[in-house]
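Chains as they are written, first to last, in my numbering: chain A, 1 to 465; chain B, 466 to 683.
Keep in mind that the hints were calculated from the coordinates and are not lab data. Incorrect hints may have been included.
Reference listing, derived: stretches of chain B covered by chain A, where coverage requires no fewer than 3 residues with Cβ under 8 Å from a Cβ of chain A [what the hints assert, rightly or not]:
(1) 529 to 538
(2) 552 to 561
(3) 582 to 595
(4) 631 to 645
(5) 664 to 673
Under the rule of at most 25 Å between Cα atoms (straight-line distance), these lysine-lysine pairs were calculated in the DSS-like manner [stated by the list, open to error]:
(6) Lys643(B) x Lys8(A)
(7) Lys627(B) x Lys566(B)
(8) Lys643(B) x Lys566(B)
(9) Lys566(B) x Lys8(A)
All residues carry an ideal CB built from backbone N, CA and C; glycine is no exception.
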Amino acid sequence: MPATLLDKLWSLHEIADLGGRDSLIHIDRVFLHERTGSIALRGLEQEGRSVRAPRRVFCTMDHIVDTRPGRGDISLVPHGREFIEATRHSAKNAGIHLFDIDDSRQGIVHVVAAENGIVLPGTSAVCPDSHTCTLGALGALAWGIGSTEAEHALATSTLRVSRPRSMRVNFLGETAPNVSAKDMILHLIASFGSRAGRGYAVEFAGSAIRALGMGGRFTLCNMAVEMGAFTGMIAPDERTIAYVRDTPFAPRGPLAQQAQTHWRELRSDEGAEFDLELEIDCAQIAPLVTWGTNPEQLADINGVVPEPEALEDRQKTLAARQALAYMDLRPGTPLRSIRIDAAFIGSCTNNRIDDLRDAANYLRGKKIVPWVQALCVPGSSATRRQAEAEGLDEIFLAAGFEWREAGCSLCFHAGGESFGGRRVISSTNRNFQGRQGPGARTHLGSPLTVAASACRGYISTAEES
Amino acid sequence: MTNARKQAFHRGVAAPLLQPNIDTDAIIPSREIRRVSKEGLGDALFSGWRYRSADNREPEPGFVLNQPRYREASILLAGDNFGCGSSREHAVWALKDFGVKVILAPSFGGIFFNNCALNGILAIELEEDAIARLARWVQADPGGNTLEIDLAARRIRWREGKEMHFDIEPARRGLLLKGLDSIAATLRQESAIRAFEEKDRKRRPWVYEFPDCQEPAP
Ligand code: SF4
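Next comes chain A alone, as it looks inside the complex:
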């Protein structure tokens, strides 16, 4: 019978059928970070349990570590140092790989897991972090879990998982030149809502996905969780294989040949049946920006803030009213008339080299307006070095952006640095109340949209500043 990519990945890792939809699933890779990983490791220690396969467990510093130049163990996050030291201590005790603050491979967990070849096509990977679905872009079965489940994965190399249903989203046709992967996923969320993916593993497919570079594919899968999905995934193709080939932990020599043959089989068979199939006509996608406090509260950048009463259901109306009160916006306001105080290019959604190139290309020879504070935070130390080798740092600096060390930074507010009380255009994935600081008003958009908005001081698209 023709199988879906999910079927294949599931059967590759299923150790035992536990009845109902549940299986005992083998976990090939566990990744941890100092925010939630520290607590999982400590939980395990306190129970007197050990990590079953430490060589297959990795940990990085990204969430709490400072991103200001010249950083060390001191973080502006209250008690930040405690998290950093606890993580270092527990990681050493457990004998797992640690990419510490000064390690050349340090960076945001979902970025470094990919660029180091730690998560490979066909592997199963978990991390106590909801954006682990990013790695589905490699054709891996990767999803976010809680700390208690992380303890289980560390102690047993397995998890008890309820099998998700399968969904395929076909992105057909071509996107306009100023439309990025971020706009594609925002468009999908706007079309079907932030709960549309609940209970599904969502495979992104179609001509526009094949045409997309790896950076864009990671962006797309990153936000699968923002439509509530268990995970996102994209079948590996030659582009994926080329991306993986030279990464440090990837197989070499004859093993590489064997692996590549296996990876090429990881795609949904012709005629495979999905529980749900959706279609997106890429010609319909325009650059999008959020106006509310949930990623589904979106509008075309040339559009206006909607009237809550005009939304299709009561829950949406209620949510929109609350969102607009928090965002201090009135229905009917053109998005392009909204003045911003800050601009942020970063996060596991949009801070890979492709994103930095996109934004830098736009910023070359331009300046941001004086009232905007703008930050560019590369996703990993390796990405940062690559960008510097290409001279991108100088473009950002000359335009008036800060050029930071790698990490999550102001993607979320942990009590340290903050966009509190300000209005921010941000390339991140969540615009929740207070996400970037108490009272911070976040508008999500692509890196290009962030760069253009920073230059005009108002929400903008690439063509018009």
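Following the hints, put chain B with the ligand in place on chain A, whose structure we already have.
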């Protein structure tokens, strides 16, 4: 995973918190996670809404859990997509520490939903209309905001003779009824895990043997 606790029956005060998309950042703002610990987080629950300011902890009287009749709430009547967003289990630990035992919502964030079961919080999916009905009853009668949740019978009772049924996956129900330590249970399957790995190692050797990467020279 010894957190799961038996919970077959619960009787308590229910509080309505009906807005949709209450995310884990709202349940516990990241700035409240100050220690590498699962304990003592109840004070930080909904802190962005519950206090006038994060620093002085002066209660915001308008917030539902600050109203005298809901202060002892152990059951939440929630909106759609409750617990979406960040995977932080602190959201569940904070609810648990506050005393929440049961959450009723039309739908939940996926990771949050699992975290609840693993920590002995009963998260029940119920139609929006049913929740609205319960909320109306709870709000209407100041003295009668108590619900009874019977997991064994899969039944919610809100007044003499008034009850409704709910569905729950058998595995999740079993976990909550038995208060299972699932790590211990899985460790008993070690031989099956090892057998799987031996077979898998032949099929996908690169998963198990990979270059012993030291940090490359910068
Ligand atoms: S960059 Fe933001 S979304 Fe991504 S892992 Fe870090 S905090 Fe989470």
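- When you check the alpha-carbon spacing of Lys643(B) and Lys8(A), does it fall within 25 Å? It is violated: about 33 Å lies between the C-alpha atoms, which goes past 25 Å.
- How about the region 631 to 645 of chain B: do at least three of its residues have a C-beta closer than 8 Å to a C-beta of chain A? Held - the region 631 to 645 of chain B has 3 residues with a Cβ nearer than 8 Å to chain A, which meets the minimum of three.
- Message: Hint check: Lys643(B) vs Lys566(B), CA-CA at most 25 Å. Holds or violated?
- Response: holds, 16 Å
- Go check the region 529 to 538 of chain B versus chain A for me, would you? Three or more residues, Cβ under 8 Å, otherwise it fails. violated (count 0)
- Query: Within 25 Å, alpha carbon to alpha carbon, are Lys566(B) and Lys8(A)?
  - Reply: Given pair Lys566(B), Lys8(A) is violated - Cα atoms ~38 Å apart, limit 25 Å.
- Mind taking a look at whether chain A covers the region 552 to 561 of chain B? Criterion is 3 or more residues with CB to CB distance under 8 Å. holds (count 4)
- Query: Are the Cα atoms of Lys627(B) and Lys566(B) separated by 25 Å or less?
  - Reply: holds, 21 Å
- Query: Residue count check for the region 582 to 595 of chain B against chain A: does it reach three with CB-CB under 8 Å?
  - Reply: holds (count 3)
- Within 8 Å of chain A's CB atoms, at least three CB atoms from the region 664 to 673 of chain B: coverage verdict: With 7 residues close enough to chain A, the hint holds.
Going through the hint list in order, the structure does not satisfy hints 1, 6 and 9.
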